[in-house]
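Line order of the protein sequences matches chains P and X.
First residue of the first sequence? That's -9 in my numbering, and the numbers climb one at a time after it.
First residue of the second sequence? That's -9 in my numbering, and the numbers climb one at a time after it.
The hints are simulated quantities; they were obtained by calculation from the structure and are not laboratory data.
Mixed in with the good hints there might be a few duds.
Calculated pairs, DMTMM-like style, for lysine to aspartate or glutamate (alpha carbon to alpha carbon, straight line, at most 20 Å) [said to hold, decoys possible]:
no.	chain 1	residue 1	chain 2	residue 2
1	P	Lys25	X	Asp210
2	X	Lys197	P	Glu194
3	P	Lys25	X	Glu266
4	X	Lys25	P	Asp210
5	P	Lys25	X	Glu32
6	X	Lys265	P	Glu147
7	X	Lys202	X	Glu435
8	X	Lys376	X	Glu365
9	P	Lys265	X	Glu32
10	P	Lys25	X	Glu365
11	X	Lys25	P	Asp212
Take a look at the letters that make up each chain.
There are 2 protein chains.
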Amino acid sequence: MQTYQHLENRSRECALINTACSVLHWDHQTYLPPKAATYRGEQTAYFSSLAHRLFTADEVGRWLAACENQAGALTAIQQANVREWRRRYDRATKIPASLVEEFERSATAAHGAWSEARAAADFNRFRPHLEKILELRLRMVELWGVGNNPYDTLLDEYEPGANSEELQALFSSLAPRLAGLLAKGVAFYESQPDDFPAGPYPVEQQKIFNQKVATKFGFDFDAGRIDATAHPFCTGLGPDDCRLTTRYTEDDFTNSLYSVLHETGHGLYDQGTLKEHYGTPAGEAVSLGIHESQSRFWENHIARHATFWEYWLPVAAELFPQLRKITPLTMSRHVNRVRRGFIRVDADELSYDLHIILRFNIENRLINRTLTVKELPDFWNAEFEKLFAVRVPNDALGCLQDVHWSGGMIGYFPTYTLGNLNAAQLAHKMRQAIPGMTSQLASGEYAEILSWLRTNIHCHGSIHQPSTLMTNATGEKTNPVYHLTHLREKIK
Amino acid sequence: MQTYQHLENRSRECALINTACSVLHWDHQTYLPPKAATYRGEQTAYFSSLAHRLFTADEVGRWLAACENQAGALTAIQQANVREWRRRYDRATKIPASLVEEFERSATAAHGAWSEARAAADFNRFRPHLEKILELRLRMVELWGVGNNPYDTLLDEYEPGANSEELQALFSSLAPRLAGLLAKGVAFYESQPDDFPAGPYPVEQQKIFNQKVATKFGFDFDAGRIDATAHPFCTGLGPDDCRLTTRYTEDDFTNSLYSVLHETGHGLYDQGTLKEHYGTPAGEAVSLGIHESQSRFWENHIARHATFWEYWLPVAAELFPQLRKITPLTMSRHVNRVRRGFIRVDADELSYDLHIILRFNIENRLINRTLTVKELPDFWNAEFEKLFAVRVPNDALGCLQDVHWSGGMIGYFPTYTLGNLNAAQLAHKMRQAIPGMTSQLASGEYAEILSWLRTNIHCHGSIHQPSTLMTNATGEKTNPVYHLTHLREKIK
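Can you make the complete structure from the sequences, with help from the hints?
Right, here's the structure in full:
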């Protein structure tokens, strides 16, 4: 069908521009000389706008309508692509350019104000900006269209098909259990010695070790690489070009290692999508909640598994002689240690989701106007104390800690917890499907594990919605029981 | 004038696309994972073609004609921009797309054949490809228009305003003198000891030293950087983003050093063009012969100057302990040593231009059909023996050594020698203008030297033609006498 082919060509053309834009972003984060940032901003803005113009052109709307009218003539994969193109086209075209520009200007100002506010632990500097961002987001929600809850419309950007009612139920049942587990976990680890040897762990040796583990997991370094940045990330710059980043501290090599293994999880998903679908939704990750399930799976279910260091400690000890005197148990305890903390990005597995639930409850209320921006800090602190049983000392360690809201990313946080829940559910199913999995882990073999993910998750791209993908892979939609079981086992 | 503004906007838009394309190229040479090369090729082809389409659009032709009709309403700088845009527009639009495509296909095939031919030292494998390239270039010359000599039309691509008659006169007078100097130089250096200490010179220490020297020369590392590539180059990715590359061998740190200092010369030119003219010819380097004068100036007239190592040897010796026992004279002799060799890119200052003159004579004959491609190898070998007094053992060390012809770059080689001549002429003039120059060199001070180049060369961009620029800076057009004097002084 020729009209479908037009759409596919346009999609691939936009992918080519967007990946070039991603190269410009990657270079910005890794190697850009400081004075070059302004012009780089002009370059990326030009190409983002070019891709946007091409994808929101009138002819795209006509092609979409024609394909939808003749859906029977399309294959299942083509239908899935049309469904996803329609979602993106509507999201992009329902907002007038003037509102997009106002939003981008406001977000830039809000980001600057947030940086200053956080540094000064002064929420009032950020407050008017967050109010503006919220107002603009609500105007967008109206234009996009509201279902049961305006929050769902935002959520849909990051997790197609998710809804706040289900999340609310999920998170409400999860919160008290997690709070209880956290208290037990803290007590348990306080009783365990931490005899992890002091640094220095030279950066060059860390690079070698990180690459060894990522290679064993299955990351293809002929189609990817690792560089250093202030904040770790994973980005795809083409069908055979996946770049991971990390940061190094010589005190503790496990910081860069676990961030690399997290990003490797994202990278394996990226490398596992099908080349023949590249540049179309069928060749792209379906949602953040599924993406995060992949990073969390490799980071937590593989690399924090009790057997992980049985295989890897001797390898690490060749590079870091101070490790020769310790046991795998020391390593395992070190990387699984539970502590109460205020900062989400530093949180361990037991407390992480409590940080997310707190943010979900706030976002959902802000969007539904049952909480004002002015009331936010007090609400945050009160809720935090309920969940963590400690008082937040100031807003820099509280509601000012995350960058997301300053950029208008409301509805993003829940995907982190969905990722954790999905990871545990996939790991559970995998242990049933691969009887030798535990012994494979103990001997550093990951081929069958990766192959299971390739077949059940990666190769499907965005053909199915996240809930269908999870059901096809595990027999049920996202269910928190597997994650809770996984956490309980960590503190036995 | 509004029409002029349209042209300027279009020029800046194309510069933005072309610099993004240069980022993609730079990344390709530095960090691209091997499997990603194919898609990267698609990305760069897309953006090259986009910039080409934008700059060769019909409206650009109309804007140019309107500006030319009202040239009196334009400033001198605007007139210079229009002159240069016209030159580029005509070169780009006079060739039909089908011929451009045929040329690009043929050049790709020729490059592959050349690689194989060189590896096998078998000219016959390359011969039909070179014949095809030559035929296509001649068809282009006809479309562009021929003056006195069709070779001039090709030369104009790299060195606007240059012509083969003048080059012929210049090179004919130069060749016998250079051949005589080379014989003396070889004899002189055979009588001098080479007590340069053996390696290893660790790469990390080389990086530190290279950056120290380039910084002292005036290269702004907040607006540029150095990375490693197979072949050194300098590329501008924006008004404040100049990237140099080099390659390292641990045997001899001066290899990477002198390649960095050569590229630093290019980079200082790039950093010295005026930001307010960025994206227009007035803010761009004017020609390859002027660009090369800048790289050769810093590489040969500064960093191979007799006093250079007086300042830098103690600094180097802190990084490379084996240098503590030698004198500046040992370093100076080592980096100025003269040897007879077959390969242009390995040639020292005394023999370099003989390699170029040989190629100029061949290109000029090929384009004027007074030499056939079939006769090329014998002609090369006979001429080489006349100039160098040694026999070429095979074509890999002879007419197959350079990549240029396989890509259709005919008329490029003379700019290397123009660069050498211009560099010596600028250095001569500078010594008159800066009385303390020699003592500044001995104490590693380069600010006044750079400032002279900024004022006399860099800030003019492409406002003047190369010959006017040289006359304004030195009082005369390119004159070989200064280069010959400079070379004579090296073997005293």
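These are the hints, each one checked on the structure:
no.: 1; hint: P:Lys25 to X:Asp210; verdict: 10 Å, holds
no.: 2; hint: X:Lys197 to P:Glu194; verdict: 16 Å, holds
no.: 3; hint: P:Lys25 to X:Glu266; verdict: 15 Å, holds
no.: 4; hint: X:Lys25 to P:Asp210; verdict: 10 Å, holds
no.: 5; hint: P:Lys25 to X:Glu32; verdict: 29 Å, violated
no.: 6; hint: X:Lys265 to P:Glu147; verdict: 40 Å, violated
no.: 7; hint: X:Lys202 to X:Glu435; verdict: 13 Å, holds
no.: 8; hint: X:Lys376 to X:Glu365; verdict: 17 Å, holds
no.: 9; hint: P:Lys265 to X:Glu32; verdict: 15 Å, holds
no.: 10; hint: P:Lys25 to X:Glu365; verdict: 53 Å, violated
no.: 11; hint: X:Lys25 to P:Asp212; verdict: 6 Å, holds
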